[in-house]
Amino acid sequence: NAGVTQTPKFQVLKTGQSMTLQCAQDMNHNSMYWYRQDPGMGLRLIYYSASEGTTDKGEVPNGYNVSRLNKREFSLRLESAAPSQTSVYFCASSETGGYSEAFFGQGTRLTVV
Amino acid sequence: GQQLNQSPQSMFIQEGEDVSMNCTSSSIFNTWLWYKQDPGEGPVLLIALYKAGELTSNGRLTAQFGITRKDSFLNISASIPSDVGIYFCAGQLGNNNDMRFGAGTRLTVKP
Numbered sequence: 001n002a003g004v005t006q007t008p009k010f011q012v013l014k015t016g017q018s019m020t021l022q023c024a025q026d027m028n029h030n031s032m033y034w035y036r037q038d039p040g041m042g043l044r045l046i047y048y049s050a051s052e053g054t055t056d057k058g059e060v061p062n063g064y065n066v067s068r069l070n071k072r073e074f075s076l077r078l079e080s081a082a083p084s085q086t087s088v089y090f091c092a093s094s095e096t097g098g099y100s101e102a103f104f105g106q107g108t109r110l111t112v113v
Numbered sequence: 001g002q003q004l005n006q007s008p009q010s011m012f013i014q015e016g017e018d019v020s021m022n023c024t025s026s027s028i029f030n031t032w033l034w035y036k037q038d039p040g041e042g043p044v045l046l047i048a049l050y051k052a053g054e055l056t057s058n059g060r061l062t063a064q065f066g067i068t069r070k071d072s073f074l075n076i077s078a079s080i081p082s083d084v085g086i087y088f089c090a091g092q093l094g095n096n097n098d099m100r101f102g103a104g105t106r107l108t109v110k111p
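Quick note, the sequences are listed as chains A and B, same order. In this text, residue positions in the first sequence follow the working numbering: the first is 1, and each later residue adds one. In this text, residue positions in the second sequence follow the working numbering: the first is 1, and each later residue adds one.
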């Protein structure tokens, strides 16, 4: 009964380093999403993938890239991390493009120093 | 930027009291959703609203989709300690994949 699984749960990077956040879902959902959550800001959509093979920019895509590896997996890459990217990152998935049944992972807490 | 104005930012209430929080926007939304987030966890969907004027309940929770489609409220009746957490409203714009979140209401319930 895993749902949406994110790895790692915590990460500290130095400015300029790169890393990939992994997300996998076992619910056979078509759509997957990456959000960042900052204090007092709610969640902001970075990128989403409506279906396997497609990706689109959300509200705050700059500094990030994504890959929809297959139906299960959707990764988020930071090519050159900056302190402004310190945040909690959430992956989510839903059966359709709508959010009515979106399920979220437990989050990745990223600190860039 | 943030398109949803959620209020209040925080609430401190006594166990057993009722709670009300709301979201307003200058944009028209097709869907309103209410989520709850516990510490260290991802948000969990509480209620989804699809039609203007719709009033939906889920146990002690009641939410309404405003007639103008620019606002929504969430009420919690007879609060209990496990209601503690951050509540987010979210509105879905015309594009199914464009969902905007409010900044959250942090609820504290004192036993």
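Misleading hints may appear alongside valid ones.
Said to hold, decoys possible - Counterexamples of contact, computed for chain A against chain B with all Cβ distances above 10 Å: (1) Pro8; (2) Met27; (3) Glu52; (4) Pro61; (5) Gly63; (6) Gln106.
Stated by the list, open to error - Derived DMTMM-like pairs: lysine to aspartate or glutamate, alpha-carbon spacing no greater than 20 Å straight-line: (7) A:Lys9 <-> B:Glu41; (8) B:Lys110 <-> B:Asp83; (9) B:Lys51 <-> B:Asp71; (10) A:Lys9 <-> A:Asp26; (11) B:Lys51 <-> B:Asp98; (12) A:Lys14 <-> A:Glu79; (13) B:Lys110 <-> B:Asp18; (14) A:Lys57 <-> B:Asp38; (15) A:Lys9 <-> B:Asp71.
Said to hold, decoys possible - From chain B, some residues computed to sit far from chain A (all C-beta separations above 12 Å): (16) Gln6; (17) Gln9; (18) Phe12; (19) Glu15; (20) Asp18; (21) Ser20; (22) Ala48; (23) Gly53; (24) Thr62; (25) Gly66; (26) Phe73; (27) Asp83; (28) Asp98; (29) Leu107.
What the hints contain is simulated information worked out from the structure, not anything from laboratory work. If you're wondering where the values come from, they're calculated on a predicted model, not measured in any experiment. We put the beta carbon where it would ideally sit given N, CA and C, even for glycine.
Hint check results:
1. With a closest Cβ-Cβ approach of about 14 Å to chain B, Pro8 (chain A) is found to remain outside the 10 Å limit, as its non-interface label requires.
2. For Met27 (chain A), the shortest C-beta to C-beta distance to chain B comes to about 14 Å, beyond the 10 Å cut-off, and the non-interface label holds.
3. In this structure Glu52 (chain A) is separated from chain B by more than 10 Å, as the shortest Cβ-Cβ distance comes to about 15 Å.
4. In this structure Pro61 (chain A) is separated from chain B by more than 10 Å, as the shortest Cβ-Cβ distance comes to about 13 Å.
5. Interface exclusion of Gly63 (chain A) from chain B stands, the closest Cβ pair being 17 Å apart, more than 10 Å.
6. Distance check for Gln106 (chain A) against chain B: the nearest CB is about 6 Å away, which does not clear 10 Å, and the non-interface claim fails.
7. Restraint check for Lys9 (chain A) and Glu41 (chain B): the C-alpha separation of about 11 Å stays at or below 20 Å, so the hint holds.
8. Pair hint Lys110 (chain B) plus Asp83 (chain B) holds up; C-alpha atoms about 10 Å apart against a cutoff of 20 Å.
9. Distance hint between Lys51 (chain B) and Asp71 (chain B) is fulfilled; the C-alpha atoms sit about 12 Å from each other, no more than 20 Å.
10. The suggested pairing of Lys9 (chain A) with Asp26 (chain A) holds, with an alpha-carbon distance near 18 Å, which does not exceed 20 Å.
11. Between Lys51 (chain B) and Asp98 (chain B) the alpha-carbon distance is near 18 Å, which keeps this suggested pair within the 20 Å criterion.
12. The straight-line distance between the Cα atoms of Lys14 (chain A) and Glu79 (chain A) is roughly 12 Å, inside the 20 Å bound, and the hint therefore holds.
13. Using a Cα cut-off of 20 Å, the hinted pair Lys110 (chain B) and Asp18 (chain B) holds, with the two alpha carbons roughly 13 Å apart.
14. With a C-alpha separation of about 28 Å, the suggested pairing of Lys57 (chain A) with Asp38 (chain B) is violated against the 20 Å cut-off.
15. Restraint check for Lys9 (chain A) and Asp71 (chain B): not satisfied, since their Cα atoms lie roughly 34 Å apart, outside the 20 Å limit.
16. Consistency note on Gln6 (chain B): stated as away from chain A, yet its beta-carbon is not over 12 Å from all of that chain's, at 8 Å minimum.
17. Residue placement check: Gln9 (chain B) does not keep its beta carbon more than 12 Å from all beta carbons of chain A (closest about 8 Å).
18. Residue-level check passed: Phe12 (chain B) sits 18 Å from the nearest beta carbon of chain A, beyond 12 Å.
19. The claim that Glu15 (chain B) is not at the interface with chain A holds, since no C-beta of that chain comes within 12 Å of its own (minimum 27 Å).
20. Even its closest Cβ contact with chain A, about 24 Å, leaves Asp18 (chain B) beyond 12 Å, as expected for a residue assigned away from the interface.
21. Listed as a non-interface residue, Ser20 (chain B) keeps its Cβ farther than 12 Å from every Cβ of chain A; the least gap is roughly 19 Å.
22. Remark: the non-interface label on Ala48 (chain B) conflicts with the geometry, its nearest Cβ contact in chain A lying 4 Å away (cut-off 12 Å).
23. With a closest Cβ-Cβ approach of about 18 Å to chain A, Gly53 (chain B) is found to remain outside the 12 Å limit, as its non-interface label requires.
24. The Cβ of Thr62 (chain B) sits about 18 Å from the closest Cβ of chain A, beyond the 12 Å cut-off, so the non-interface label holds.
25. Gly66 (chain B), annotated as away from the interface, keeps every beta carbon of chain A farther than 12 Å; the closest lies near 18 Å.
26. With a cut of 12 Å on Cβ distances, Phe73 (chain B) stays outside the contact zone with chain A, its closest approach being about 17 Å.
27. No beta-carbon of chain A comes within 12 Å of the beta-carbon of Asp83 (chain B); the shortest separation is about 19 Å.
28. Against chain A, the non-interface label of Asp98 (chain B) is violated: not every CB pair exceeds 12 Å, the least being about 7 Å.
29. For Leu107 (chain B), the requirement that its beta carbon stay farther than 12 Å from each beta carbon of chain A is met, with the minimum near 15 Å.
Hint check: violations occur at hints 6, 14, 15, 16, 17, 22 and 28; the rest are consistent with the structure.
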